[in-house]
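Peer 1: Listed below are the residues making up each chain.
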Amino acid sequence: MSGKAVVITSGKGGVGKTTTTANLGAALALQGCSVVLLDADIGLRNLDVVMGLENRIVYDLINVIDGTVEFRKALIKDKRVDGLYLLPAAQTKDKDAVSPEQMKKLIEDIKTEFDYVLIDCPAGIEQGFLNAIIGADEAVVVVTPEVSSVRDADRVVGLLDKKGEIPMDNISMLVNRIRMDMVRKKEMLDVSDIEELLQIRVLGVIPDDESVIVSTNKGEPVVLNGKNHLAQAYRDAAGRMLGQDIPFNERNHSFVGTVLRFFGLAE
Amino acid sequence: MPDNQLRIKGSKNGIIIQFEEGDLGQAIQLLEDKLKENPSFFVGSQAVLVIPEESVLDAQILVKIHEVLCAASISLSEIRREGSASVVEVIQPPAPQKSPSKEDNQKLYWIERRLRSGEKLSVDGDLVLIGDVNPGAEISAIGNILVWGCLQGVAHAGQSGNENARIMALRLKATQLRIAGFISRSPDDSLDPHDPEVARVGSNGIVIETWEKVGKEDPLPFWRRLLHGRED
Ligand SMILES: Nc1ncnc2c1ncn2[C@@H]1O[C@H](COP(=O)(O)OP(=O)(O)OP(=O)(O)O)[C@@H](O)[C@H]1O
Ligand SMILES: [Mg+2]
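Protein sequences, first through last, are from chains A and B. Going by our numbering, the first sequence opens with residue 1, and the numbers climb by one from there. Going by our numbering, the second sequence opens with residue 1, and the numbers climb by one from there.
Please note: incorrect hints may appear among the correct ones.
To be verified - What the simulated footprint calls covered on chain B by chain A, stretch by stretch (three residues with Cβ under 8 Å from a Cβ of chain A suffice, anywhere in the stretch; the number is not a length):
no.	segment
1	18–28
2	134–146
Stated by the list, open to error - DSS-like cross-link-like pairs, simulated, lysine-lysine; straight-line CA separation at most 25 Å:
no.	chain 1	residue 1	chain 2	residue 2
3	B	Lys-120	A	Lys-185
4	B	Lys-213	B	Lys-173
5	B	Lys-213	A	Lys-162
6	A	Lys-186	B	Lys-64
7	A	Lys-227	A	Lys-77
8	A	Lys-12	B	Lys-120
9	B	Lys-9	A	Lys-162
Keep in mind that the hints were calculated from the coordinates and are not lab data. Computed from a prediction, not measured in an experiment: that's the story for all the values here. Cβ coordinates follow ideal geometry from the N, Cα and C atoms, glycine included.
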């Protein structure tokens, strides 16, 4: 078996890469895929916190890379969803502890046993970024509707393409933290504005919602909370990743939809 | 240096020069050495250059290729990417004119690609770019610039001082325009332009007018040449 490695990247920091990795991964596992979440943000490490798995870490990425343990031994199984695993990052200060070749080899190994490896990329375009993209077959570029985020996303798409690592057709974007009330007032970029500039496929559109913060603090990805309306947006994105033809649900965004939801008439 | 980095084949329309996987700069060096060994062998022939699928062509490399081929009196008809039928760049010799001025005789670079933030493209002639120039990207040319797309980054025409150079775009929304030594930045209240526009140097610095207006008053030699070159 050979799975797919997908890097979740953005250029700009704090736009939601880690949140996206956790939720897309959980959504893919809910659809029956076996998934490894690989935290490539070496030195910072927070995918485990977002997943609520921090207290179960015994081994990390560096222990696997330097041969102390096999990767299977370092994987932490998520007990809430079948087939979901985390390979945590090390909190070492040494950014050069991992080489691109080692990273590539590790991802190849994991791919032989799992359907998906989702790689949580660090911010920026330095060595950590290069390590995170080297073994990836596909990329999801997370972008928020802000000029600076879109600019960085554009730069990252150019780099993914130029290095020949990931073909343009395998690069998609996930628009995070959109606020339809602001878009309607023309105070915020619309998805189509971002699409026009980046010219890549839209994998998903995630509204800005404080439930993300609540769930991050609880260590439980929102997608695991079936009632939450963001959960559907993440499930849709995961479905599109699996090649399902899922329309963008205008109802979720429209004013009518908001009113219906408010009165409990729609989900 | 590995010899398999470069292959030269004959074809009925001229020669095919193929660069294999690896550093383009090295391949060009190899080509230069080969041509120097047999200086008269290819004189006057037409060449098609085939480059590896994933290699990056920047202006510097383009200029170098031109120099090397010119020195051996080979004319380059096109550059292709391996495994794709589409032509990356067609470099046309300027159409002959009755009394060509110096500016009319510039090299023309016909480039089809999108420039993303952080990317730069610079040519030593006129530039026709089929594609958008995103914010944060930069293009520059010794001669005129025509962007068949949306120009949102920085564009510099007449880079070595030609104040008659123009910058044209289907949608001109540049962050900054430069012509020779003149600079204009986008007005803060800029509306989305719907008509193609042209920037040129007027008596008070850079002025922007619709393509239509300028075309009527003052047909551009560059534009004429472009159309002419495409027709025949
Ligand atoms: N859709 C959303 N609605 C509201 N808040 C969000 C949303 N997505 C992310 N956030 C919040 O934004 C912050 C940054 O998110 P996250 O850590 O996932 O970003 P990141 O891109 O991984 O950051 P870094 O570059 O530091 O690794 C977090 O506090 C998170 O809770
Ligand atoms: Mg993160």
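Peer 1: Checking against the hints above, which ones are violated?
Peer 2: 1, 3, 5, 6 and 9
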